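Input sequences plus hints: build the corresponding full structure.
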Amino acid sequence: MEQRMVTEQGREIAYHHTDGTGPTVVFLGGFKSDMEGTKALFLEEWARGQGRAFIRFDYSGHGVSGGEFTDGCIGDWFEDACAIIGLIKGSVVLVGSSMGGWISLLVARAMPDKVAGLVGIAAAPDFTEDGFWAGFDEVMRAKLMREGRVALPSDYGEPYIITKRLIEDGRDRLVLRDPLEVPCAVRLVQGTADTSVPVAWGTRLLEHLRCEDARLTLVKGADHSFSAPDCLPVIEQALAEVLAAADR
Numbered sequence: 001m002e003q004r005m006v007t008e009q010g011r012e013i014a015y016h017h018t019d020g021t022g023p024t025v026v027f028l029g030g031f032k033s034d035m036e037g038t039k040a041l042f043l044e045e046w047a048r049g050q051g052r053a054f055i056r057f058d059y060s061g062h063g064v065s066g067g068e069f070t071d072g073c074i075g076d077w078f079e080d081a082c083a084i085i086g087l088i089k090g091s092v093v094l095v096g097s098s099m100g101g102w103i104s105l106l107v108a109r110a111m112p113d114k115v116a117g118l119v120g121i122a123a124a125p126d127f128t129e130d131g132f133w134a135g136f137d138e139v140m141r142a143k144l145m146r147e148g149r150v151a152l153p154s155d156y157g158e159p160y161i162i163t164k165r166l167i168e169d170g171r172d173r174l175v176l177r178d179p180l181e182v183p184c185a186v187r188l189v190q191g192t193a194d195t196s197v198p199v200a201w202g203t204r205l206l207e208h209l210r211c212e213d214a215r216l217t218l219v220k221g222a223d224h225s226f227s228a229p230d231c232l233p234v235i236e237q238a239l240a241e242v243l244a245a246a247d248r
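Counting from 1, one number per residue, gives the positions in the sequence shown under UniProt numbering.
Quick caveat, the hints were computed from the structure, so don't treat them as lab data. What you are looking at is a predicted structure, and each value in this text was computed from that prediction instead of being measured. Using N, Cα and C, we set each Cβ at its ideal position, and we do this for glycine too. Careful: at least some of the hints might be erroneous.
[Claimed, not checked] What follows is a set of in silico ranges between Cβ atoms, one per label pair, in the way DEER data are often shown:
id: 1; residue 1: Arg204; residue 2: Lys89; range: 33 to 39 Å
id: 2; residue 1: Glu158; residue 2: Glu181; range: 35 to 41 Å
id: 3; residue 1: Glu181; residue 2: Ala142; range: 35 to 41 Å
id: 4; residue 1: Arg141; residue 2: Glu8; range: 31 to 37 Å
id: 5; residue 1: Thr203; residue 2: Asp178; range: 17 to 23 Å
id: 6; residue 1: Glu36; residue 2: Pro233; range: 19 to 25 Å
id: 7; residue 1: Pro233; residue 2: Leu152; range: 31 to 37 Å
id: 8; residue 1: Asp113; residue 2: Glu138; range: 32 to 38 Å
id: 9; residue 1: Pro233; residue 2: Arg210; range: 28 to 34 Å
id: 10; residue 1: Leu152; residue 2: Leu87; range: 31 to 37 Å
id: 11; residue 1: Glu8; residue 2: Glu212; range: 47 to 53 Å
id: 12; residue 1: Glu147; residue 2: Ala244; range: 46 to 52 Å
id: 13; residue 1: Glu147; residue 2: Glu236; range: 40 to 46 Å
id: 14; residue 1: Glu212; residue 2: Asp155; range: 20 to 26 Å
[What the hints assert, rightly or not] In silico SDA-like cross-links for lysine to any residue, where the CA-CA straight-line distance does not exceed 25 Å:
id: 15; residue 1: Lys32; residue 2: Gln9
id: 16; residue 1: Lys89; residue 2: Arg248
id: 17; residue 1: Lys143; residue 2: Arg248
In structure tokens, the structure reads:
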């Protein structure tokens, strides 16, 4: 059943909570995605079968939560995630897809005692800077600074509207420029045919993490969605490994 909460910042967030044992698994979706996606629903069903507590939610401006997408930024969505996690008693294991991988790392950095494990699915830390901004030519950069937004083609429907606020706030949230301590098990999974997040980003993150138990699994031919039938069991295995490490 859908539930709603209002964050300290006044944003209304929709979420689904499945009762079960802890640590609670929290699914954090990607940029302009929602909690009704294949991976979120697959993991919810898996958690229900395991008797494991689980939460999926929509960031503000995403899905059925309140707000406009173009008003948001990484910091807002990080705060939304923290608000959802604040509802949970005990520890959590984060499963972050694409942008959700970045937000998961921000959460793990901000509350290391709360996060017992992390799974990144095509994790995209720092993508506003290393993806969007780095890919803009001088004309597009000037337009963004002058008009406050630019439109980018998307493989997933209508164009992405990239705002000046998204870029500038992202620079305050970067995780790959300074040491990144993550004192829990981390599993990263990604496809070699991912055209949104290069495989090199996955290896860079793996090497950058200060973590005693971190692994990267690549699936040949898998795309950025990582939702094909042969990808979902890879996510399941990664999550099982992280939960086993958390339970030890």
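Going through the numbered hints above, which ones does this structure break? Give me the numbers in ascending order. Hints 8, 11, 14, 17 not satisfied by this model.
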